Amino acid sequence: MRNGKDEVREIITDVPSRRLSVGIVALPGFTLTALSLFLDPFRLAADDRDKSRQIRCAWKICTLSGDPVTSSSGMVIEPTAPIGELDECDYVAVVGGLLAQYRPRQQALIDLIKRADKRGKTVVGLCTAAFLLAEGGLLDDRNCCVSWFHRDDFLDLFDGHTADTTSLFHRSGRHYTCAGGLGAASLSLSIIQNEISEELARKSASILMIPYELVRSEQPALSFNGVRSPMIRKAIRIFEETLEEPVQMIDVARKLGISVRQMERGFRMAVGRTAFEVREELRVKKARELLSETGLSLLEVAVASGFTDTRSMNRSFVRQKQKPPRDYRKER
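Per our numbering, residue 1 is the first one in the sequence shown, and the count goes up by one each step.
Hints are computed from structural coordinates only; laboratory data are not their basis.
Only a predicted model underlies this, so the values are computations on that prediction, with no experimental measurement involved.
All C-beta atoms in this analysis are idealised placements derived from N, C-alpha and C, irrespective of residue type, glycine included.
Treat the hints with care, as some may be off.
As the list claims (entries may be wrong) - FRET-style restraints, in silico, Cβ to Cβ:
#1 Asp87 to Pro324: 53 to 59 Å
#2 Arg265 to Arg119: 48 to 54 Å
#3 Gln106 to Asp327: 40 to 46 Å
#4 Arg326 to Arg19: 55 to 61 Å
#5 Arg326 to Gln248: 27 to 33 Å
As the list claims (entries may be wrong) - Capping the alpha-carbon separation at 30 Å, the derived lysine-lysine pairs in DSS-like fashion look like this:
#6 Lys234 to Lys255
#7 Lys323 to Lys285
#8 Lys321 to Lys285
#9 Lys60 to Lys118
#10 Lys234 to Lys321
#11 Lys285 to Lys234
#12 Lys60 to Lys203
#13 Lys285 to Lys255
#14 Lys203 to Lys51
#15 Lys60 to Lys114
Construct all of the structure, not just a fragment, from the sequences and the given hints.
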């Protein structure tokens, strides 16, 4: 049996000349999944196997006050570094969570991300911290990736901006926004692929059991994610982005640069359904989520899901072989 003196140190042969450094700022009420899914791919890429030594990349977790911070689930984490050490990082990721914790004009936070921007850092807004990048003027294209659950809140606060609720993450100039969840892992894997190597990004994805195809680009989080046709995927994305304000099929086809007949043929070949049926399924899916997770009235749910009234919503639920909308409300 080996003792400590006899052990042979493992040597990693592909150590880069400069480690990628990531600083994470956890805000009060932050979402655990957004933080952990963003951080763990870097941890797994940093070392061989899952030994977690900070060799190829390094990370720090900070809080604004330097004190422990409580997540939205009640779990408390300790910072591993003071906030001033963010100046040493290549990426500065701010992790939000509970919308009630977000308050506009928090000058310390705005100063933090603006300082990072001026020093050439890439700033990442995860979960509701994406709002900060819009408030700080860091989004060149005024487009922000947010959860569908926070879409209306975002648009109420930031007139003239676009809320991207279908992408896993969105890049605007040098900076990124991400609604959290699986998108957080997809974003960090994409950074690893671009900054370190595809091999290590694939390693991290494999250990985390995340399909690597989610890393290739800012792919929309489609309900029909098995669709191979780029044209039909784009059409479905248009449907998802315009559920509340329905677009005429002729306008969708025009955006695709094809005729309505060609689009319908493409839908039948790709998913075996008409474009109308696919859009209706997306509306019903959103309505079910709103009924189960919010206190909105049936009429408010109908309008938010793109239906003209509760009657048309009820008919769609029947066509999609779903329980009546009221039954989903009873299950809350």
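Right, here's what the structure says about each hint:
1. At about 57 Å, the beta-carbon gap between Asp87 and Pro324 stays in the expected band of 53 to 59 Å.
2. Arg265 and Arg119 have their C-beta atoms about 52 Å apart, which keeps the hinted 48 to 54 Å range intact.
3. Judged by the Cβ atoms, the range 40 to 46 Å given for Gln106 and Asp327 holds: they are separated by roughly 42 Å.
4. Separation of Arg326 from Arg19 is about 56 Å and conforms to the stated range, judged on CB atoms against 55 to 61 Å.
5. The given range of 27 to 33 Å is respected by Arg326 and Gln248, whose C-beta atoms sit roughly 30 Å from each other.
6. The hinted pair formed by Lys234 and Lys255 meets the criterion: a straight-line CA distance of about 9 Å does not exceed 30 Å.
7. About 12 Å separates the Cα atoms of Lys323 and Lys285, which keeps this hinted pair within 30 Å; it holds.
8. Distance check on the hinted pair: Lys321 and Lys285 sit about 12 Å apart at the alpha-carbon level, within 30 Å; holds.
9. A C-alpha spacing of about 20 Å is found between Lys60 and Lys118, which places the hinted pair at or below 30 Å, so the restraint holds.
10. Straight-line distance between C-alpha atoms of Lys234 and Lys321 comes to about 26 Å, which keeps the hinted pair within the 30 Å bound.
11. A threshold of 30 Å between alpha carbons decides the hint, and for Lys285 with Lys234 the separation of about 19 Å falls inside it, so the pair holds.
12. Of the supplied pair hints, the one linking Lys60 and Lys203 holds, its CA atoms being roughly 22 Å apart against a limit of 30 Å.
13. Between Lys285 and Lys255, the direct Cα distance comes to roughly 24 Å. Compliance with the 30 Å bound is thereby established for this hinted pair.
14. For a cut-off of 30 Å, the pair hint linking Lys203 to Lys51 stands: about 13 Å separates their Cα positions.
15. The hinted pair formed by Lys60 and Lys114 meets the criterion: a straight-line CA distance of about 19 Å does not exceed 30 Å.
The structure agrees with every numbered hint stated previously.
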